[in-house]
Each structure stands twice: as C-alpha cells, then as structure tokens.
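Participant: These are the residues of each chain, in order.
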Amino acid sequence: MTDPTCELTRVAATEYALGVLPPAERPRVANHLLECPDCRKEVDEIRAVGDRLLDLVPDAEPGLGFDRAVMARFGLHDQASRRRRAAPPRWAVAVVAAACIAAGIAIPLATTSGQRRPPARVEASLLDGGRPIGSVDVSGRPLWVYMEVKGEAGGGPVTCQLVRHGGALVTVGTFRLVDGAGSWGAPIPGAASQYSGARLVDPAGRVLARATF
Amino acid sequence: MARVGLPVERLSDEALLAGLTTGAPDVALAFVRRFQSHVFAVALAIVGDRMLAEDVAQQTFERVWRRGTTYEATRGTVRSWLTVVTRNIALDSVKRRRPEPIDPADLVRLLAPAGDGPEGASMRDQSREQLRDALRQIPAEQARALVMAGVYRMTAEEVAAAEQIPLGTAKTRIRSAMAKVRHLLPSPEVHR
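Heads up: the protein sequence lines correspond to chains H and D, in order.
Residue numbering for the first sequence follows the numbering used here, starting at 1 and increasing by one per position.
Residue numbering for the second sequence follows the numbering used here, starting at 1 and increasing by one per position.
The hints are simulated quantities; they were obtained by calculation from the structure and are not laboratory data.
Be a bit skeptical, because a hint or two may be false.
Cβ-to-Cβ under 8 Å is the rule here; a few derived chain H residues that face chain D [unchecked claim]:
#: 1; residue: Leu8
#: 2; residue: Pro22
#: 3; residue: Arg28
#: 4; residue: Arg52
#: 5; residue: Leu56
#: 6; residue: Val172
#: 7; residue: Val178
#: 8; residue: Gly190
#: 9; residue: Val207
#: 10; residue: Leu208
Just so it is clear, CB atoms sit at the ideal spot from N, CA and C, and this is done for glycine as well.
Only chain D is shown next, with the shape it has when bound in the complex (with noise of 0.2 Å):
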C-alpha cells in the first residue's frame, strides 16, 4: 500500500470529518468551506431565509464538530449524513411557523427546469437536467415522494404525514419512484 502525503483539501470526506472531531482547526476549515454551500442551499431551500439559513448552517456544523463520532459511514456517504443534520435542525428552527414537516408545493421549483436567471445559468448542469427529465417522466406524487425522501431524507412515516396517505403508500411511492428513475437515468453513476 503506498503512502501518499495528501494536502488537507484532497482528504476524503470521512477524513475531513474525523479531523474535523479531533479539533485540528486546518482540517476543521477546509471541511467547512467543502461543505458549506451545500449545507447552507439545504438549509436556504427549507427556511426560505438567508440570515436564517446561515444560522441553520452555523448551527449545523457546530452540532457536527460535536457530534461527529455519530456518522456511520455504511449508512451514507458524508454529505447525505450532513443533509439530515441540517434537514433537522431547520425544521426546528421553523417548526413554529411551519407545522408540517415540508410544504409539497414547494418541491415544484426544485422539480422544475433551469431558469435563465443567475440561479438558474448554475444549475444547467447535465447531471441535474437528466435527473429532472426523469422526476418529470413519473407521476408526480412519486416524484414529490422521492424528492422528500431523497433530497430532504424524510421518512417514509414523514412523507406519509405531509402528503396525508397510508405508510405503505408512501414506502411504495419512495420505491417506485427510486425504481423509475434508475432506469430512466442514461448512465447511472455507481461506486463514484
């Protein structure tokens, strides 16, 4: 096995977490800035508030410093774990104006195609396009259904609350939609 000296920016994620525990405060900061965007548009697209959302981001990485020892790394790559970190703590921070857990409404704009506004020219990225044209081609409430699971990591139990159904049809609508995509994905990307 050779040894390779790596700078701390191309250290794997699950590194970069175990540093981030440890205290060693260069490690700590390239894992923020790694995943600082995509915990803050997480938290963005939940609050709906900037300064509430980097409050949320804030929070989420200093629950993270302190609880880090809690990723499991066979349930999950490090950004999907950090995803319902964030996930949670903007429902809390929300709860009070927003009792469900996610307004189906609102996953229309993340179902929806590019724009040509600023947000939009950076999300007209192949990889998005493809995934959208798939959560098009399926019926819509299994798309919500994957979206939720998938992008908010709800539970099938959460997904069932928020769409007011049975568990065992928010499960399948979570399966057969993922089922659905998959084959309509042209290259499905595995063991990235």
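So here's chain H without its partners, still in its complex pose (with noise of 0.2 Å):
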C-alpha cells in the first residue's frame, strides 16, 4: 500500500468502518474504496472488529411486553390483530364455496371481482442516462427483489435501493459489482405494487442507474 491516497484511507479507516468519521470526509473514503481492494479489505476487518466491540455491551432485557409496546407505538399491532379477525380460515371459505356451488348458486372467481388486482411483479430495465445496464425485477411469494447488472468495467459495493410510490427511498442492500457486472438478490417486504422504480447507487450516493416500473 504505498499509494498516498491508500496511506490517507488507512488514516481514517477506523473512523470510517465505525461509522463516526465526519461526513465531509467520507466520500473520499468511500470514492477510494470503489477503487482499491487492499483498503476494502482493510475496512471490511475493522468493521468486523467493530462489531465485536457491541458485544461489550452488558445484556440485557426489556420488561415483557415491550415487543408489543413498541409496536402499539408504531399503530400496526391493532392493525395486525384486525386484519386477522376479518381474513376467514381458507377452510371456511372451501366450505361456503362447496355449499354455495351445491346449491347452484354462482360465486365469484376472487373476492376482488370486478376490481382491478394490483401487479404482483414489476420490472424494468436499469438505465444509465438511457443506457440500459442491467434489470431490476421485483416478484415472488415471499416477495424478492432481483438486480443484474452487466455495465462496462469497473468494481465495488453498490447498493440497491427501491423507490415507494410518494418518492420515499428503501434501501434493500449492498452487493459488488466485478468488472462492471453482478447479480443479487433479497427478500422483500410488501406488495410489489408499492413499488413505483429502484436505484442502483455507489457508497457515495450518487445514483449509478434508475429503473422505472
């Protein structure tokens, strides 16, 4: 490591795998990671010692109940407990419809009939300023996000991130890209109708590509 710029990262390494370094400087940190292996490596094993420090951290629990607490917080644990009273058990659904077709009565198909479904997978090609570089595709039951990349040369970590309708930005995770190529994959919360388009951003934040659903 005798480049100048190698011998600076490895100045605030530390700092920048604890995630305490200031934010002025981490772009240039990060800009050289994209670049250099050796300080990637060296960054990825202070992170992991970094980690290790959590657990210096004496244990300790909660009172019951927190989980629950913390969730009537959030308003989703009454939500959670109404969508499951008003969801009948697939079997008593099975017996209405046997009864109702011995009894010549027509029943429709699904109980949104009529209503158009939203879209169980979205997919786009992902583009760099119009260029397509790869795909994004969004399906599954679980629901599973897939990124495939194929650009020109180049490596590093980048890091998908999916756009909800109304602009909000998730960021799903980090993968690497080898001579400007590379495929990853994560589960998913949601619907993928929640979803309007994905981003495929360097440790930067500078949007490397974007997909539109």
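Hints given; two lone chains; assemble the complex.
Facilitator: Next up, the structure:
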C-alpha cells in the first residue's frame, strides 16, 4: 500500500468503519474504496472488529411486553389484529364455496372480482442515462427483488434502493460489481405494487442507474 | 440465482429494516424482537435506569420506523447504525443530568472481566473475553477511546471533549487501539 491515497484512507479507516468519520470526509474514503481492494479489505476487517466491540455492552432484556408496546407505538399491532380477524380461515372459504356450488349459486372466483388487481410483479430495465445496463425484477411470494447489472468495466460495492410511490427510498442491500457486472437478490416485504422504481447507487450516494416500473 | 422462500425471522437485517419502513406488521415485529435486547442494553448502559432505558429503546424503534430510509448499508451494519440512533436518543434524555457525552469512568465496567452473578454468567462468552483480554493489554487511554468510538459510536471530536485531549490525539488513540486489538485478537472475523 504505497499509494498516498491509500495512506490517507488507512488513517481514516477506523473512524470510517466504525461510522464515526465526519460526513465531509466520508466521500473521499468511499470513493477510494471503490477502486482499491486492499483498502476495502482493511475496512472490512476493522468493521468486523467494530461489530464485536458492540458485544461488550452488558446483556440486558427489556420488560415483558416491550415488543407489543413498540408495535402499539407504531400503530401496527391493532392493525395486524384487525386484519387477522377480518380474514376468514381457508377451510371456511372452502366450505362456503362448496355449499354455494351445491345450491347452484354463482360465486365469484375472487373477492376482488370487478376490481383491478395490483400487479404481483414489476420489472424494468436499469438505465444509465438512457443506456440499459441491467434489469430489476420485483416478484414472488415471499416478495424478492432481483437486480442484474452488466455494465462496463468497474467494480466495488453498489447499493440497491427501491422507490416507493410517493418517492420514499428503501435501501434493500449492497452487493459487489466485478468488471462492471454482478447479480443479487434479497427478500423484501410488502407488495410489488408498492414500488414505482429502483436505483443503483455507489457508496458516495451517487445514482449510477435508475429503473421505472 | 435460486429463489428461496424464507420465513420472516430468517430475513437479513437489511431486509427486515426495509420491511419496517414499508409498514408490514409481521416484519416490524420481527425487527423489534431481533434488536430489542441490543437496543435496550445500549440504552441501559448509558442512562443507567431501566424505566428510562425502556423509554429510550421505544423512542429508538419509533425513530427508525419513521426514518429507516436514512440507513446506509455501506456505512456499517444495521446493528451498529441502531447503536448510533440509540446512543443519540439516550444522551439527549440524560443531557440535563450528565453534561458530558459519557463518563469515561463508566467504561471501566465494560472492560472488567465477567463476574459470577447472573449478568456475568451471560457475558462469559468466549468472543467477549478475547476482546476484553485484548483491550486490557493496550494502554488504558487507548482502550477507553476505542470503546467510546466503537461501542458508544462517539466521534473523535466527542472523544476529545470527554477526555479533554486534542482532536488529533483522540484520532490517534482510536486508530492505534484498533490496530493493536486486531493484532491481539486470535482470529479476526472477516466477512461475517
């Protein structure tokens, strides 16, 4: 490691890996890490030790019902309960359907008959300034996002972000490009119809490519 | 790429966090259960009061729920990011009682060997003991600086203020301590 940039990065590596480097200094380190596998390895190793440091915090458990209290704070617990009460068990639906058929009563194939179903799958090309460099696919049960990149030469970590309707960003995960290419997938919550697009960003937060579903 | 259907409890930390921000109740509950012990423990270590620590921990999850999109995977794990959020809320909550970010004397407790009590029993983990051994072998002021930065996620500037030392000295202590601890640990875990 004789490159002066490597030396500068090494000086800041511990603070960067622990997440305590001042914001103004982060992009310089992040950009160098994209190009330098040695420094990247150094930061990864420091980060691993940094995570072990968190184990020094003495064990402690919150009181019983803590999780429910947090869910109530989110306003999600009651919502989940109502949803469970509203949905009839599968056997009950089958019994009612069988009884209707036996009685000669026409039944809809789905309770949403007449309504437009939201898409169970969305997919689009990843575009870098209009040039396709890959694809994004959000589908499956449970829901997964798949990202495939076949760009030009280049490497380093990149982050997959999904864009919700309304513009909120959901950072799903990070994977590594080698010679400009890489593929990756991860489970995600919710429904495909919640998302309007995806972004591929570099560690400095620059958007490398976008997809619009 | 094989498609694998995972129960929500087996989703990655990042996927759970993403789920939390979309408001999926089962994912949110799984996220809270996965991290509640750590968040509460960090809060308790800072505020020293169980009731206040529970309130801090609840506020932490609520803030993450509202602002989960501020997480950047490239800057560390979800666990370390949660530690920062918890730490900030805990420090805000005790600011009036404790003007300095953290009392360095409190850190001695983290560096002490595990005792025989119930708390000590749960801390007799080999990894922790290796870490404590390594920290005890380096100069105390360096160990404190590393614990401040690594456990409480204090910036070098905050370490300098707490220890009343120049910023450059704080940075050097953090960096030197990490280099020595890495050297002393028997088998550093990389790419977990």
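Participant: Each hint should be assessed against the structure and marked as holding or not.
Facilitator: A quick look at each hint next to the structure:
Evaluation of the Leu8 (chain H) hint against chain D yields a violated restraint, the C-beta minimum of about 13 Å exceeding 8 Å. With a cut of 8 Å, the hint placing Pro22 (chain H) at the interface with chain D holds, because the nearest CB-to-CB distance is about 7 Å. The criterion of a C-beta within 8 Å of any C-beta in chain D is not met by Arg28 (chain H), whose closest approach is roughly 14 Å, and the hint is violated. For Arg52 (chain H), the suggested interface contact is upheld, since its CB lies about 6 Å from the closest CB of chain D, less than 8 Å.
Interface restraint check: Leu56 (chain H) against chain D, minimum CB-CB distance 5 Å, threshold 8 Å, status holds. The closest approach between the C-beta of Val172 (chain H) and any C-beta of chain D is roughly 5 Å, which is under the 8 Å cut-off, so the hint is satisfied. The beta carbon of Val178 (chain H) comes no nearer than 15 Å to any beta carbon in chain D, farther than 8 Å, and the hint placing it at the interface is violated. Of the supplied interface hints, the one on Gly190 (chain H) holds, with its beta-carbon coming within about 4 Å of a beta-carbon of chain D, less than 8 Å.
Interface hint status for Val207 (chain H): violated, as the beta-carbon distance to the closest one in chain D is roughly 14 Å, over 8 Å. The restraint placing Leu208 (chain H) at the interface with chain D is violated, with a minimum CB-CB distance near 13 Å, outside the 8 Å limit.
The structure is inconsistent with the numbered hints 1, 3, 7, 9, 10, although it conforms to all the rest.
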